[in-house]
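Fit chain S to the given chain V structure using the hints.
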Amino acid sequence: MPGIDACLHEIMALPGARGAAIVDWTSGLALGTAGESPNGDHETTATETAELARVAAEYPAFAPAAERIRPEAGNAKGPPVEDLIVTTRTGYHVLRFVETTFDSSVFLHLWLDRDTGNLALARLRLQQLAERLVLA
Amino acid sequence: MNADTAARAASSAPTVSPVSPMLVRLADERATGALLRDHGTLYLSEGRVVHAESPVAPGIDTLLTTGGRLPRDGWQRAVDEAGARGAVGRFLVDSGRIGGGELEICHLGALYDAAFFALAPGSGPTRFRYGVAHWIGPVRPVPAAAVERETRRRRELLDQVWPYPAVDTSPVVPRAPAPGQSVTHRQRALLELADGVRTPAAIAWALGRPAFHTLLEVRRLAAAGLVGTPPDPPRDARPVLPGWIAEVSDPDIGLLRRLRDALEASL
Numbered sequence: 001m002p003g004i005d006a007c008l009h010e011i012m013a014l015p016g017a018r019g020a021a022i023v024d025w026t027s028g029l030a031l032g033t034a035g036e037s038p039n040g041d042h043e044t045t046a047t048e049t050a051e052l053a054r055v056a057a058e059y060p061a062f063a064p065a066a067e068r069i070r071p072e073a074g075n076a077k078g079p080p081v082e083d084l085i086v087t088t089r090t091g092y093h094v095l096r097f098v099e100t101t102f103d104s105s106v107f108l109h110l111w112l113d114r115d116t117g118n119l120a121l122a123r124l125r126l127q128q129l130a131e132r133l134v135l136a
Numbered sequence: 001m002n003a004d005t006a007a008r009a010a011s012s013a014p015t016v017s018p019v020s021p022m023l024v025r026l027a028d029e030r031a032t033g034a035l036l037r038d039h040g041t042l043y044l045s046e047g048r049v050v051h052a053e054s055p056v057a058p059g060i061d062t063l064l065t066t067g068g069r070l071p072r073d074g075w076q077r078a079v080d081e082a083g084a085r086g087a088v089g090r091f092l093v094d095s096g097r098i099g100g101g102e103l104e105i106c107h108l109g110a111l112y113d114a115a116f117f118a119l120a121p122g123s124g125p126t127r128f129r130y131g132v133a134h135w136i137g138p139v140r141p142v143p144a145a146a147v148e149r150e151t152r153r154r155r156e157l158l159d160q161v162w163p164y165p166a167v168d169t170s171p172v173v174p175r176a177p178a179p180g181q182s183v184t185h186r187q188r189a190l191l192e193l194a195d196g197v198r199t200p201a202a203i204a205w206a207l208g209r210p211a212f213h214t215l216l217e218v219r220r221l222a223a224a225g226l227v228g229t230p231p232d233p234p235r236d237a238r239p240v241l242p243g244w245i246a247e248v249s250d251p252d253i254g255l256l257r258r259l260r261d262a263l264e265a266s267l
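Those protein sequence lines, which keep their order, are chains V and S. Mapped onto the UniProt record's numbering, the consecutive letters of the first sequence carry residue numbers 1 to 136. Mapped onto the UniProt record's numbering, the consecutive letters of the second sequence carry residue numbers 1 to 267.
Bound conformation, chain V alone (with noise of 0.2 Å):
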């Protein structure tokens, strides 16, 4: 996998996609975006998406002690959430966590118009992505 534009470019082309960013949840630094922004400025988003995939990536609820000890894990050090969803009146933001093998705090975001946007194939294609992104 090439690396972030090209994986950000594959997102756009879904169907209904209207905006696309890979942030890091810990700072809320958006590390690349493309398409537009719902709130007209990627770097607020990526902020307000980042505290949502903290709290959701954190939070005891979601992590139940028995999955953080999966010896057949591995390396693997991300969040025990594979992803979030939001819906809206007019779209469905959908927040997929991208494990790496070194300690990081990134996903991927995408907002999808709710007419056009499939949520289904959205959500499988950001599973697909997030896997081949860190690829070597």
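Negatives, chain S to chain V, calculated, CB over 12 Å: (1) V24; (2) R30; (3) A31; (4) E81; (5) R129.
The following residues of chain S were derived to be distant from chain V, with all beta-carbon distances above 10 Å: (6) S45; (7) R48; (8) Y130; (9) W162; (10) D195; (11) G196; (12) A223; (13) D261.
Beta-carbon label-pair distances, calculated as ranges: (14) V:D5 with S:R155: 25 to 33 Å; (15) S:G96 with V:E48: 36 to 44 Å; (16) S:G96 with V:L52: 33 to 41 Å; (17) S:Q160 with V:R114: 26 to 34 Å; (18) S:E192 with V:A120: 37 to 45 Å; (19) V:I85 with S:E156: 29 to 37 Å; (20) S:R152 with V:D5: 24 to 32 Å; (21) V:E51 with S:R152: 13 to 21 Å; (22) V:N39 with S:Q160: 17 to 25 Å; (23) S:G96 with V:R89: 44 to 52 Å; (24) V:D115 with S:A176: 46 to 54 Å; (25) V:D115 with S:G83: 51 to 59 Å.
Just so you know, these hints were derived from the structure itself, not from any lab. Idealized CB from N, CA, C, for every residue including glycine.
Frame of chain V; chain S shown alone:
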């Protein structure tokens, strides 16, 4: 939200002075070279930031090798093979040691992290060496303005979370959680290394995490009462050198030499 963003942009544009006026000027003239400051170095290529390093922030080598992503000798081999032609990043990807996306994620994290410390307010001279390039080579250049904005945002973020900067440079002293208070997975890893001696930067090096991320996490922990907040030192008694300089376990000798050379050249 639009009005809010616009208002903020309007209020920040004329009143906030740039984090580094020299960086703004160099970006405007599309300069290539190394910007040497008190607490780190920014590498520019045609006005864009291609790399940054600071003695406080763990470098990309530490981030990749501490977490077990790359064996130490694998990293060294890449530096030996491709360092001289300034293409270590390219070599790591082409030789299948790391994916292109993963390298970009890690490198951007290290770049913004080091830039935050390199652009910290300092009284020392700022110098620019034209033509100097870093051996890592191009990975994902970012606009200098984005680095400026992000550095300013990070300073504000720290103060929003817990406005006590003394926490950043003091040894981290854990406190027992209140009944029912939970500690997150990543916080627990940090607290396990908080032995009352290590500073946030030292913990960042030990964990292989960006130093700013660790500062932020420690401020969050302090705000939650899970680590102690030391009293602010009286303003007059502030040391000339920040405390973390003495705490850094692995100083970047090359950077220190360049700083010394730069100082000698300007005296």
